[in-house]
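> Residue strings, one per chain:
2 protein chains.
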Amino acid sequence: MTAEKIVTASVLIIGNEILSGRTQDANLAYIAAGLNGVGVSLREARVIPDVADVIVATVNEVRAKFDYVFTTGGIGPTHDDITSECVAKAFGVPWTLHPEAHKLFLAQYKPGELNEARLRMAHTPEGATLIRNPVSRAPGFRIGNVFVMAGIPSVMQGMFDSIKHDLKGGRPMLSRTVTCHLPEGVIAKGLGEIQARYPDLDIGSYPFYRRGEFGTSLVLRGRDAERLAAGTEEVVALVRELGGDPIRE
Amino acid sequence: MTAEKIVTASVLIIGNEILSGRTQDANLAYIAAGLNGVGVSLREARVIPDVADVIVATVNEVRAKFDYVFTTGGIGPTHDDITSECVAKAFGVPWTLHPEAHKLFLAQYKPGELNEARLRMAHTPEGATLIRNPVSRAPGFRIGNVFVMAGIPSVMQGMFDSIKHDLKGGRPMLSRTVTCHLPEGVIAKGLGEIQARYPDLDIGSYPFYRRGEFGTSLVLRGRDAERLAAGTEEVVALVRELGGDPIRE
Numbered sequence: 001m002t003a004e005k006i007v008t009a010s011v012l013i014i015g016n017e018i019l020s021g022r023t024q025d026a027n028l029a030y031i032a033a034g035l036n037g038v039g040v041s042l043r044e045a046r047v048i049p050d051v052a053d054v055i056v057a058t059v060n061e062v063r064a065k066f067d068y069v070f071t072t073g074g075i076g077p078t079h080d081d082i083t084s085e086c087v088a089k090a091f092g093v094p095w096t097l098h099p100e101a102h103k104l105f106l107a108q109y110k111p112g113e114l115n116e117a118r119l120r121m122a123h124t125p126e127g128a129t130l131i132r133n134p135v136s137r138a139p140g141f142r143i144g145n146v147f148v149m150a151g152i153p154s155v156m157q158g159m160f161d162s163i164k165h166d167l168k169g170g171r172p173m174l175s176r177t178v179t180c181h182l183p184e185g186v187i188a189k190g191l192g193e194i195q196a197r198y199p200d201l202d203i204g205s206y207p208f209y210r211r212g213e214f215g216t217s218l219v220l221r222g223r224d225a226e227r228l229a230a231g232t233e234e235v236v237a238l239v240r241e242l243g244g245d246p247i248r249e
Numbered sequence: 001m002t003a004e005k006i007v008t009a010s011v012l013i014i015g016n017e018i019l020s021g022r023t024q025d026a027n028l029a030y031i032a033a034g035l036n037g038v039g040v041s042l043r044e045a046r047v048i049p050d051v052a053d054v055i056v057a058t059v060n061e062v063r064a065k066f067d068y069v070f071t072t073g074g075i076g077p078t079h080d081d082i083t084s085e086c087v088a089k090a091f092g093v094p095w096t097l098h099p100e101a102h103k104l105f106l107a108q109y110k111p112g113e114l115n116e117a118r119l120r121m122a123h124t125p126e127g128a129t130l131i132r133n134p135v136s137r138a139p140g141f142r143i144g145n146v147f148v149m150a151g152i153p154s155v156m157q158g159m160f161d162s163i164k165h166d167l168k169g170g171r172p173m174l175s176r177t178v179t180c181h182l183p184e185g186v187i188a189k190g191l192g193e194i195q196a197r198y199p200d201l202d203i204g205s206y207p208f209y210r211r212g213e214f215g216t217s218l219v220l221r222g223r224d225a226e227r228l229a230a231g232t233e234e235v236v237a238l239v240r241e242l243g244g245d246p247i248r249e
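Line by line, the protein sequences are chains L and A.
Residue numbering for the first sequence follows our numbering, beginning at 1 and increasing consecutively.
Residue numbering for the second sequence follows our numbering, beginning at 1 and increasing consecutively.
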């Protein structure tokens, strides 16, 4: 194997409503799976409140640390929508009316409807490029390695789908899952030995509890299809040897 | 109003399966709502991978920054379950067999079943106190201000419920929601004015899209019931004035 560049990413979920428990985040899993598919490795996600200092500091921390950053939430017209201004502040650039977004809004809103609050949504950090919103009106934007998207899942998904093929990822991560009804404690030793022989694979063990029964999903992930297939065969053999009934998913 | 101490918390969701998009986290919203109910303010959440250095550094960062830290995931018997050892390392204490957990395991497992992998789950950072697991076998634990819990939602919920009343929170955060079918862009100006008059309340505006219709939920949160009621009346009046039909939820 030759060393290959791993392209990394961070997701920032911005919004008090997630931290209060009012809203269950529905965006992370979608972005995570999408990044996986284009060979970008999601290294962390953070949920942070609508607090300017926290947003600015966190954006600056993660954009230096990872190849890509994706934010969700806080780009609407109300007083608590401060993501866009905060990203401008993080990049040290003015927050200005984006000519293209302005044109879009002039075409979409009737005269008199384009009030001050809505016009805020046509502002971006200077130098940003727009991300198309195929569902509603306000666009997202990209500046540097930071992609700023909406919080409403249907809108976020439309935005993410429109940019994900522009990301420069590495080889996509492939995965295989073997499920069985053996408890983790019985598989652990043998599985650890397989992991030690396949340091290039990431082998995870995920217990589950369904219909009154505990079971375990064994997930193998890697970029090399042959190594992945070989590791999976070993896991299947281990489960059989321990008296389990391996199911490939 | 007198200044009151706000008790803060951070949640660490530990697990590659969340970052790969394989699993949708189901724990954050539960913990968030529970903390809210006992007057603890959740200030951030992070999803981090099963990587020792990252876990150790993150635990040390957040335990210094917040009053309480809650972790989920990574306390099973397999090679990828490294949370417990990492927390010991973060606190700079040995990772040792916990006598009480050992006793529990000796009573629960038949002779021969308590193998090395399972015995790992009876280890904790030295000085930790156990968190009861009402669903399966392996306990969680608390050390200092850090609470270490399982990742399986049913188990995590049982653990969290068993410790949440021991937390020393402030006055609980109360909330009121007013829903309407006005777009955010119409409400924004008046809502921002109400927020400016009620700096002690946290007023959020959350657009939604249901059955082909956009609408907005206006959520007011605060610790003082009278101020909250007064602010809510102003929001209801604003929606009416703008021709909307406010629904108190």
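Take the hints with a grain of salt, since some may be wrong.
Calculated cross-link-like contacts (lysine-lysine; reagent style PhoX-like; alpha-carbon spacing at most 25 Å) [as the list claims (entries may be wrong)]:
(1) Lys103(L) / Lys189(A)
(2) Lys189(A) / Lys89(L)
(3) Lys89(L) / Lys65(A)
(4) Lys110(A) / Lys189(L)
(5) Lys164(L) / Lys65(L)
Coverage of chain L stretches by chain A, computed from C-beta distances (three or more under 8 Å per stretch; other residues unrestricted) [what the hints assert, rightly or not]:
(6) 34-43
(7) 47-61
(8) 82-92
(9) 107-117
(10) 183-194
(11) 205-212
The set of hints was computed from the structure by calculation and includes no laboratory data.
The beta carbon of each residue, even a glycine, is placed where N, CA and C say it ideally should be.
> Which of the stated hints cannot be reconciled with the structure, identified by number in ascending sequence?
Structure breaks hint 8 only.
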